[in-house]
Amino acid sequence: MNLHEHQGKELFARFGLPVLPGQVAASPEEARDVAASLGGTVVLKAQVQAGGRGKAGGVKLAENPEEAFEKARDILALTIKGLPVRKLLVTQAADIAREYYCAIVLDREKKAPLVMLSAEGGVDIEEVARRAPGKIVRFHVPLEGLRPYMARNLTRPLFPDFAQAAQAADVLLKLHRAFAEGDCSLAEVNPLAVTPEGRVLALDAKVILDDNAEFRHPEWAAWRDPGEETPGARLAREKGLSYVKLDGDIGCIVNGAGLAMATMDLIKHYGGEPANFLDIGGSSNPEKVTAALRIITGDSHVRAILFNIFGGITRCDDVANGIVTSLEESPLAVPLVIRLTGTNEEKARQILKDFGLGATTSMDEAVRMVIEKAQEVGA
Amino acid sequence: MSILVDRGTRLIVQGITGRDGAFHTQQMLAYGTQVVAGVTPGKGGAQVHGVPVFDSVAEAVQATRANASVIYVPAPFAADAIHEAADADLALIVCITEGLPVRDSLGAFHKVLALRGAANPGGRPRLVGPNCPGLITPGQAKVGILPGHICTPGPVGVVSKSGTLTYEVVKQLTDRGLGQSTCLGIGGDPVIGTDFIDALTLFEADGKTEAIVVMGEIGGSAEEEAAQFIRRHVRKPVVAFVAGQTAPAGKRMGHAGAIISGGSGTAAEKMAAFEAAGVLVARIPSEIPSLVAELLERRRARRRNGAAKAAAGAAAKSARRRGAGSRSRAPARAARRSAGAARPARKSPTRKK
Numbered sequence: 001m002n003l004h005e006h007q008g009k010e011l012f013a014r015f016g017l018p019v020l021p022g023q024v025a026a027s028p029e030e031a032r033d034v035a036a037s038l039g040g041t042v043v044l045k046a047q048v049q050a051g052g053r054g055k056a057g058g059v060k061l062a063e064n065p066e067e068a069f070e071k072a073r074d075i076l077a078l079t080i081k082g083l084p085v086r087k088l089l090v091t092q093a094a095d096i097a098r099e100y101y102c103a104i105v106l107d108r109e110k111k112a113p114l115v116m117l118s119a120e121g122g123v124d125i126e127e128v129a130r131r132a133p134g135k136i137v138r139f140h141v142p143l144e145g146l147r148p149y150m151a152r153n154l155t156r157p158l159f160p161d162f163a164q165a166a167q168a169a170d171v172l173l174k175l176h177r178a179f180a181e182g183d184c185s186l187a188e189v190n191p192l193a194v195t196p197e198g199r200v201l202a203l204d205a206k207v208i209l210d211d212n213a214e215f216r217h218p219e220w221a222a223w224r225d226p227g228e229e230t231p232g233a234r235l236a237r238e239k240g241l242s243y244v245k246l247d248g249d250i251g252c253i254v255n256g257a258g259l260a261m262a263t264m265d266l267i268k269h270y271g272g273e274p275a276n277f278l279d280i281g282g283s284s285n286p287e288k289v290t291a292a293l294r295i296i297t298g299d300s301h302v303r304a305i306l307f308n309i310f311g312g313i314t315r316c317d318d319v320a321n322g323i324v325t326s327l328e329e330s331p332l333a334v335p336l337v338i339r340l341t342g343t344n345e346e347k348a349r350q351i352l353k354d355f356g357l358g359a360t361t362s363m364d365e366a367v368r369m370v371i372e373k374a375q376e377v378g379a
Numbered sequence: 380m381s382i383l384v385d386r387g388t389r390l391i392v393q394g395i396t397g398r399d400g401a402f403h404t405q406q407m408l409a410y411g412t413q414v415v416a417g418v419t420p421g422k423g424g425a426q427v428h429g430v431p432v433f434d435s436v437a438e439a440v441q442a443t444r445a446n447a448s449v450i451y452v453p454a455p456f457a458a459d460a461i462h463e464a465a466d467a468d469l470a471l472i473v474c475i476t477e478g479l480p481v482r483d484s485l486g487a488f489h490k491v492l493a494l495r496g497a498a499n500p501g502g503r504p505r506l507v508g509p510n511c512p513g514l515i516t517p518g519q520a521k522v523g524i525l526p527g528h529i530c531t532p533g534p535v536g537v538v539s540k541s542g543t544l545t546y547e548v549v550k551q552l553t554d555r556g557l558g559q560s561t562c563l564g565i566g567g568d569p570v571i572g573t574d575f576i577d578a579l580t581l582f583e584a585d586g587k588t589e590a591i592v593v594m595g596e597i598g599g600s601a602e603e604e605a606a607q608f609i610r611r612h613v614r615k616p617v618v619a620f621v622a623g624q625t626a627p628a629g630k631r632m633g634h635a636g637a638i639i640s641g642g643s644g645t646a647a648e649k650m651a652a653f654e655a656a657g658v659l660v661a662r663i664p665s666e667i668p669s670l671v672a673e674l675l676e677r678r679r680a681r682r683r684n685g686a687a688k689a690a691a692g693a694a695a696k697s698a699r700r701r702g703a704g705s706r707s708r709a710p711a712r713a714a715r716r717s718a719g720a721a722r723p724a725r726k727s728p729t730r731k732k
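If you read the protein sequences in the order shown, they are chains A and B.
Just so it is clear: in the first sequence, position 137 is 137 by the working numbering, and no numbers are missing.
Just so it is clear: in the second sequence, position 110 is 489 by the working numbering, and no numbers are missing.
Keep in mind that the hints were calculated from the coordinates and are not lab data.
It is possible that part of the hints are untrue.
[Stated by the list, open to error] Lysine to aspartate or glutamate pairs mimicking EDC-like chemistry, simulated, CA-CA at most 16 Å apart: (1) 490/B / 144/A; (2) 239/A / 287/A; (3) 615/B / 554/B; (4) 490/B / 466/B; (5) 630/B / 229/A; (6) 268/A / 238/A; (7) 110/A / 676/B; (8) 60/A / 74/A; (9) 206/A / 126/A; (10) 630/B / 144/A; (11) 245/A / 273/A; (12) 245/A / 229/A; (13) 111/A / 466/B; (14) 630/B / 211/A.
[Stated by the list, open to error] Label-pair distances were calculated between CB atoms; the ranges are: (15) 669/B / 285/A: 29 to 39 Å; (16) 27/A / 434/B: 55 to 65 Å; (17) 131/A / 669/B: 39 to 49 Å; (18) 497/B / 63/A: 54 to 64 Å; (19) 54/A / 628/B: 50 to 60 Å.
Using N, Cα and C, we set each Cβ at its ideal position, and we do this for glycine too.
Turn these sequences into a full structure, and let the hints guide you.
Given below as structure tokens:
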């Protein structure tokens with residue numbers, strides 16, 4: 001789960017990172033009230049999960065509550081990289097003398113958290129990585145954890161005096177705790193700002209949580225934003241399906257992530273365009289099949305649907321029953337091609353046959369068939 | 380021969396009283412695997428499909444001389460199950476469970492590594508998974524959830540991040556008459572106990588394996604590292620496939636690890652890395668069997684030629700020449716990786732290629 005800035009800052013604040021006070025507003029009136037209660041100059045920041053918010057006009061300063069009202073109105077009317085702005089974060093403004101970058105991410109190959117620190121903050125770090133990779137300091141956190149002396153040694157060369165370096169080291173230690181105990185896949189502060197008075201502040205927060213750890217973080221439920229999800233994505237999450245919408249016209253329902261990706265690749269290989277990635281998972285609950293069909297048929301671009309099932313734990317007859325049940329409830333408006341092989345394949349074939357459906361055993365053949373059908377529908 | 384599991388595998392099923400654990404215990408028994416014990420804390424004394432259940436792995440090992448474990452316990456408890464198995468001195472720990480937090484997998488990984496020693500790929504314990512289908516040595520033993528009937532004994536070693544895609548390819552290999560030495564699903568999580576390089580090291584050292592199929596997918600850089608390793612240290616022919624050629628950036632494709640981030644981890648990069656390492660890359664799964672058949676044929680032809688030349692007295696000379704060349708410059712990593720495996724160093728004059 002990717003967190004919004006205000007959620008990330010909430011997490012950071014819990015672990016004692018220096019974030020400025022602020023509050024979320026969903027209307028110009030709320031923004032005005034928050035600005036009034038904070039006092040002084042405030043920053044209004046669009047809460048969308050997209051980079052380049054500033055350039056898109058989604059971050060503005062307001063010197064008084066009335067100005068906050070007007071600028072909030074402008075920002076709430078924006079759509080940034082396809083995402084409509086529905087909420088703002090209103091926070092105290094800070095004077096910035098210098099901007100740094102700091103982040104912790106899991107290094108999969110080294111099997112350790114990786115601390116990244118740079119004096120080139122406030123800009124796109126991937127740009128820095130391309131232009132001047134030497135300007136990013138990298139440090140793998142050892143098994144015993146990040147120690148204060150390690151953090152000091154990392155920050156000291158980058159900051160002009162010891163006091164600031166010590167503050168930054170403290171930020172690193174707290175960020176590491178937030179990363180580890182908070183089950184984050186990424187915890188990033190960009191910019192980590194230094195004020196003219198020498199205060200070190202976390203002015204932004206980008207956090208990605210490890211979804212697998214949700215069972216021990218009941219507090220995450222409050223952060224899930226149903227308004228952000230498309231109906232298809234929500235249904236998929238509720239039913240435990242992995243679903244990613246794509247731009248093509250061939251809907252595919254597959255068991256297993258690798259096979260699902262390979263199915264998409266094969267569709268493309270034979271000249272078609274997949275409409276989605278959809279993995280119904282290892283078990284073959286007919287309910288999942290029904291939900292999968294509902295998600296796919298909810299995509300108006302879909303011109304034909306392919307089932308690709310390799311029965312292992314998944315039983316082909318369960319999938320066949322799911323298909324038949326779904327079609328009895330709501331017949332399909334587009335052609336359907338079914339490929340089944342593996343556990344209980346014969347039973348499945350009989351179930352489908354009794355319902356007037358055929359099935360092939362070859363994946364290549366099924367993919368070629370579904371592309372042909374989609375083209376017929378399109379013509 | 381084979382890798383990791385065979386007729387001598389004496390298996391414990393952790394989580395044997397659960398739905399998945401019980402079902403797959405039955406499947407593994409039916410395949411002929413020696414399932415000697417089950418473990419579910421609090422259910423000691425029970426039996427599942429005739430297999431005695433113990434309260435702890437330590438008790439099960441003491442009573443049955445088990446040497447391997449397969450884990451079906453739910454995700455919140457799975458890491459603990461790995462630690463328990465590692466502390467009970469089992470040689471092989473296969474974690475089928477999906478959905479472990481990365482933090483838990485990291486802890487389990489480092490625990491197992493610390494017990495085994497970093498420079499000892501053939502040593503114990505070895506962790507496979509989590510979030511994997513397990514492994515099967517056709518005709519001998521299956522550990523996990525791979526369907527046994529699609530496999531047949533033979534010379535092809537298969538290693539894959541995927542489950543059902545592996546079944547697909549293994550079935551196509553079998554249909555083509557290409558049997559397998561061992562099929563190993565390493566799992567699609569960001570942190571896994573056994574990676575491609577470990578599997579390649581084991582297959583390279585295995586006398587039965589004559590060709591290797593590597594099936595990767597988008598995300599991370601394990602395929603690129605495998606390609607580097609193959610170029611330097613694997614002399615058996617390798618065919619690779621990478622799933623997710625059409626996957627968009629920034630979206631997690633089912634597996635927790637399958638995500639293209641910051642423009643890296645794409646299928647195109649991985650395929651290019653394999654090609655640069657001299658590995659044949661299949662564009663689609665159904666190309667794999669014919670590529671394997673071709674490579675096996677070439678390898679066998681070379682060996683026949685080699686034998687003929689040896690008879691003519693030419694082989695030794697050529698081997699000396701090559702022995703002084705690139706292979707002997709293999710970096711320290713290779714030595715570390717292969718130390719503890721069957722062959723300590725590549726000094727044999729009987730070349731395999």
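Right, here's what the structure says about each hint:
1. Restraint check: the Cα-Cα separation between residue 490/B and residue 144/A comes to about 12 Å, which is no more than 16 Å; the hinted pair holds.
2. A threshold of 16 Å between alpha carbons decides the hint, and for residue 239/A with residue 287/A the separation of about 8 Å falls inside it, so the pair holds.
3. Proximity of residue 615/B to residue 554/B is assessed by CA-CA distance (about 22 Å); at most 16 Å being required, the pair is judged violated.
4. The straight-line distance between the Cα atoms of residue 490/B and residue 466/B is roughly 9 Å, inside the 16 Å bound, and the hint therefore holds.
5. About 14 Å separates the Cα atoms of residue 630/B and residue 229/A, which keeps this hinted pair within 16 Å; it holds.
6. In summary, the hint linking residue 268/A to residue 238/A is not supported, as the alpha carbons are separated by about 29 Å, beyond the 16 Å threshold.
7. Between residue 110/A and residue 676/B, the direct Cα distance comes to roughly 38 Å. Violation of the 16 Å bound is thereby established for this hinted pair.
8. Between residue 60/A and residue 74/A the CA atoms are separated by roughly 10 Å; this keeps the pair inside 16 Å, and the hint holds.
9. At most 16 Å may separate the alpha-carbon atoms for a hinted pair to count; residue 206/A and residue 126/A meet this at roughly 14 Å.
10. Distance hint between residue 630/B and residue 144/A is unfulfilled; the C-alpha atoms sit about 32 Å from each other, more than 16 Å.
11. Restraint check: the Cα-Cα separation between residue 245/A and residue 273/A comes to about 12 Å, which is no more than 16 Å; the hinted pair holds.
12. With a C-alpha separation of about 12 Å, the suggested pair residue 245/A and residue 229/A falls inside the 16 Å cut-off, and the hint holds.
13. Taken as a hint, the residue 111/A and residue 466/B pair is broken in the structure, with Cα atoms around 21 Å apart against an allowance of 16 Å.
14. Among the hinted pairs, residue 630/B with residue 211/A is consistent with the structure: their alpha-carbon atoms are about 14 Å apart, no more than 16 Å.
15. As the Cβ distance of residue 669/B to residue 285/A is approximately 37 Å, the hint placing it in 29 to 39 Å holds.
16. Evaluation of the 55 to 65 Å hint for residue 27/A and residue 434/B yields a pass: the beta carbon distance comes to about 59 Å.
17. With their beta carbons about 45 Å apart, residue 131/A and residue 669/B fall inside the hinted range of 39 to 49 Å.
18. As the Cβ distance of residue 497/B to residue 63/A is approximately 59 Å, the hint placing it in 54 to 64 Å holds.
19. With their beta carbons about 22 Å apart, residue 54/A and residue 628/B fall outside the hinted range of 50 to 60 Å.
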